[in-house]
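Asks: Make the full structure from the sequences, and use the hints.
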Amino acid sequence: MRTLRIQTEDFDPGAEIRALAAGRAEVGAIVAFAGLVRGDDGLSALTLEHYPGMTQREIARHIEEAEERWPILGTTVIHRVGRLCPGQRIVLVAVASAHRRAAFEAAEFLMDYLKTRAPFWKQEHHGTETKWSEARRDDEVAAIRWNPA
Amino acid sequence: MRTLRIQTEDFDPGAEIRALAAGRAEVGAIVAFAGLVRGDDGLSALTLEHYPGMTQREIARHIEEAEERWPILGTTVIHRVGRLCPGQRIVLVAVASAHRRAAFEAAEFLMDYLKTRAPFWKQEHHGTETKWSEARRDDEVAAIRWNPA
Amino acid sequence: MTLLYFAWVRQKTGLGEEHVALPSHVHTIAELMEFLRARGAGYADAFSDPGRLRAALNQEHAPFHAQLCDEDEVAFFPPVTGG
Amino acid sequence: MTLLYFAWVRQKTGLGEEHVALPSHVHTIAELMEFLRARGAGYADAFSDPGRLRAALNQEHAPFHAQLCDEDEVAFFPPVTGG
Numbered sequence: 000m001r002t003l004r005i006q007t008e009d010f011d012p013g014a015e016i017r018a019l020a021a022g023r024a025e026v027g028a029i030v031a032f033a034g035l036v037r038g039d040d041g042l043s044a045l046t047l048e049h050y051p052g053m054t055q056r057e058i059a060r061h062i063e064e065a066e067e068r069w070p071i072l073g074t075t076v077i078h079r080v081g082r083l084c085p086g087q088r089i090v091l092v093a094v095a096s097a098h099r100r101a102a103f104e105a106a107e108f109l110m111d112y113l114k115t116r117a118p119f120w121k122q123e124h125h126g127t128e129t130k131w132s133e134a135r136r137d138d139e140v141a142a143i144r145w146n147p148a
Numbered sequence: 000m001r002t003l004r005i006q007t008e009d010f011d012p013g014a015e016i017r018a019l020a021a022g023r024a025e026v027g028a029i030v031a032f033a034g035l036v037r038g039d040d041g042l043s044a045l046t047l048e049h050y051p052g053m054t055q056r057e058i059a060r061h062i063e064e065a066e067e068r069w070p071i072l073g074t075t076v077i078h079r080v081g082r083l084c085p086g087q088r089i090v091l092v093a094v095a096s097a098h099r100r101a102a103f104e105a106a107e108f109l110m111d112y113l114k115t116r117a118p119f120w121k122q123e124h125h126g127t128e129t130k131w132s133e134a135r136r137d138d139e140v141a142a143i144r145w146n147p148a
Numbered sequence: 000m001t002l003l004y005f006a007w008v009r010q011k012t013g014l015g016e017e018h019v020a021l022p023s024h025v026h027t028i029a030e031l032m033e034f035l036r037a038r039g040a041g042y043a044d045a046f047s048d049p050g051r052l053r054a055a056l057n058q059e060h061a062p063f064h065a066q067l068c069d070e071d072e073v074a075f076f077p078p079v080t081g082g
Numbered sequence: 000m001t002l003l004y005f006a007w008v009r010q011k012t013g014l015g016e017e018h019v020a021l022p023s024h025v026h027t028i029a030e031l032m033e034f035l036r037a038r039g040a041g042y043a044d045a046f047s048d049p050g051r052l053r054a055a056l057n058q059e060h061a062p063f064h065a066q067l068c069d070e071d072e073v074a075f076f077p078p079v080t081g082g
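Residue numbers (numbering that gives the first Met the number 0), protein chains in the order written: chain S, 0 to 148; chain W, 0 to 148; chain H, 0 to 82; chain P, 0 to 82.
These are calculated hints, taken from the structure and not from any lab test. Here the structure is a predicted model, which means the values were calculated and not measured. Heads up, some of the hints might be wrong.
To be verified - Label pairs and their computed distance ranges (CB to CB):
1) W:60 to H:47: 24 to 34 Å
2) W:60 to H:63: 21 to 31 Å
3) H:70 to W:2: 27 to 37 Å
4) S:82 to P:39: 28 to 38 Å
5) H:34 to S:22: 48 to 58 Å
6) P:0 to S:40: 33 to 43 Å
7) S:64 to P:68: 24 to 34 Å
8) W:42 to S:40: 49 to 59 Å
9) P:40 to S:86: 34 to 44 Å
10) P:48 to S:18: 45 to 55 Å
The beta carbon of each residue, even a glycine, is placed where N, CA and C say it ideally should be.
Replies: Here it is in structure tokens:
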């Protein structure tokens with residue numbers, strides 16, 4: 000069971016969690032990650048842009064990789080694009096498994112990919128100022144831990 | 000912000016996730032774990048019993064320990080007791096933080112405690128047969144990794 | 000003192016909680032288990048193998064050599080299985 | 000071929016997508032960047048420092064020495080920042 004959506008609209012984490020477990024008695028654990036826009040440093044909004052053809056296929060490939068690495072029973076990835084204000088939800092990753100360890104690891108693996116290597120670009124709005132976010136070093140390190148050279 | 004409840008009633012993961020983030024622009028990450036009763040081996044129901052005075056204080060102490068170890072901004076722990084059927088929710092742990100790593104680690108730390116060392120006892124019902132669950136070795140190992148001797 | 004029993008210890012003793020006066024010769028949890036074992040068939044069964052039991056003293060896990068006072072709350076139960 | 004520009008590359012070129020015939024002397028992404036740089040001030044600015052750019056060929060990350068065909072989709076963008 001796989002759900003993958005890139006959308007401008009908000010999503011409902013509770014409904015997505017319910018859908019992952021619905022009617023499946025083998026699911027014992029669901030780990031859900033919800034990412035929110037932080038209002039650090041006077042941020043007034045973010046605008047997210049992505050490369051649609053590449054985003055879909057790269058995320059799908061990482062879901063497949065997670066399915067190969069861990070015994071998971073379902074995955075939901077929803078990522079918003081467009082203009083988002085502090086406090087708004089930006090991403091949801093939810094993974095269902097029989098046991099908790101696989102669900103935790105697969106969810107963290109997918110989040111590390113999404114936050115570091117997925118083809119998204121962020122523009123930060125501070126009042127009337129706007130700048131493009133730079134790729135971050137510590138995030139690169141986080142992604143590398145799943146694929147040591 | 001701390002929520003800790005041991006109850007027979009069900010809970011709403013979506014509402015708990017929303018409550019953890021509500022009006023707090025410094026929250027960038029919420030990791031929620033929902034545990035469900037699996038229908039393995041023809042299990043028809045579980046009955047959970049706990050030691051109320053000890054459960055509350057031990058879980059509260061582990062939430063405090065998580066707050067000391069990771070920069071977390073809020074924690075919700077809800078555990079159900081009483082009779083539960085396959086597919087029903089049994090536990091929710093949700094942790095809010097500025098960044099994802101702390102939220103993932105603190106949620107997993109609390110779940111490992113709850114699943115291995117919290118004073119709960121489970122009775123498994125298979126049709127008309129009933130037996131008490133035994134403590135599990137692999138779970139003990141999972142809990143030990145947070146506190147190497 | 001207050002005695003609490005959980006899981007199959009509760010089932011074997013037939014009750015979840017009781018209040019007893021601490022006998023003067025009972026100073027530790029181990030001695031309390033010995034004393035309880037003599038209280039009837041259900042107790043004898045529940046406390047026949049201390050290796051299968053765990054104890055808490057005033058809501059904290061405690062070793063069997065822990066010292067007791069009359070106001071203490073002592074609980075007996077099998078190893079916890081977690082939630 | 001189809002050319003796509005994202006983030007500040009799109010802002011500098013002034014468009015997100017365009018279709019161009021692959022010139023016969025352009026065989027690699029590096030040569031394509033050289034060719035594009037000569038198309039006007041916005042392009043010259045966007046492609047002035049290849050070290051700040053990344054490319055994808057048919058929706059896969061690709062090195063600048065990758066070979067091109069006329070039906071290819073080539074995208075230029077800054078290093079991704081993730082979601």
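Asks: Range first: 33 to 43 Å. Now tell me if the beta carbons of residue 0 (chain P) and residue 40 (chain S) are that far apart.
Replies: The hinted range 33 to 43 Å holds for residue 0 (chain P) and residue 40 (chain S), with Cβ atoms some 41 Å apart.
Asks: Is 28 to 38 Å respected by the C-beta to C-beta distance linking residue 82 (chain S) and residue 39 (chain P)?
Replies: Holds: the Cβ-Cβ distance is about 29 Å, inside 28 to 38 Å.
Asks: Lying within 34 to 44 Å: is that true of the beta-carbon distance residue 40 (chain P) to residue 86 (chain S)?
Replies: holds (40 Å)
Asks: Indicate whether the distance between the beta carbons of residue 70 (chain H) and residue 2 (chain W) respects the range 27 to 37 Å.
Replies: holds (32 Å)
Asks: Honestly, do residue 42 (chain W) and residue 40 (chain S) meet the 49 to 59 Å range at C-beta?
Replies: holds (51 Å)
Asks: If I claimed the Cβ atoms of residue 60 (chain W) and residue 47 (chain H) lie 24 to 34 Å apart, would that claim hold in this structure?
Replies: Holds, since residue 60 (chain W) and residue 47 (chain H) (Cβ atoms, about 33 Å apart) stay within the stated range.
Asks: Determine whether the Cβ-Cβ distance between residue 64 (chain S) and residue 68 (chain P) falls within the hinted range of 24 to 34 Å.
Replies: holds (29 Å)
Asks: Holds or violated: 21 to 31 Å for the Cβ distance of residue 60 (chain W) and residue 63 (chain H)?
Replies: Cβ of residue 60 (chain W) to Cβ of residue 63 (chain H): about 23 Å, so the range 21 to 31 Å holds.
Asks: Within 45 to 55 Å or not, the Cβ separation of residue 48 (chain P) and residue 18 (chain S)?
Replies: This hint holds: roughly 46 Å between Cβ atoms.
Asks: Is 48 to 58 Å respected by the C-beta to C-beta distance linking residue 34 (chain H) and residue 22 (chain S)?
Replies: holds (52 Å)
Violated hints: none; the structure is consistent with every hint.
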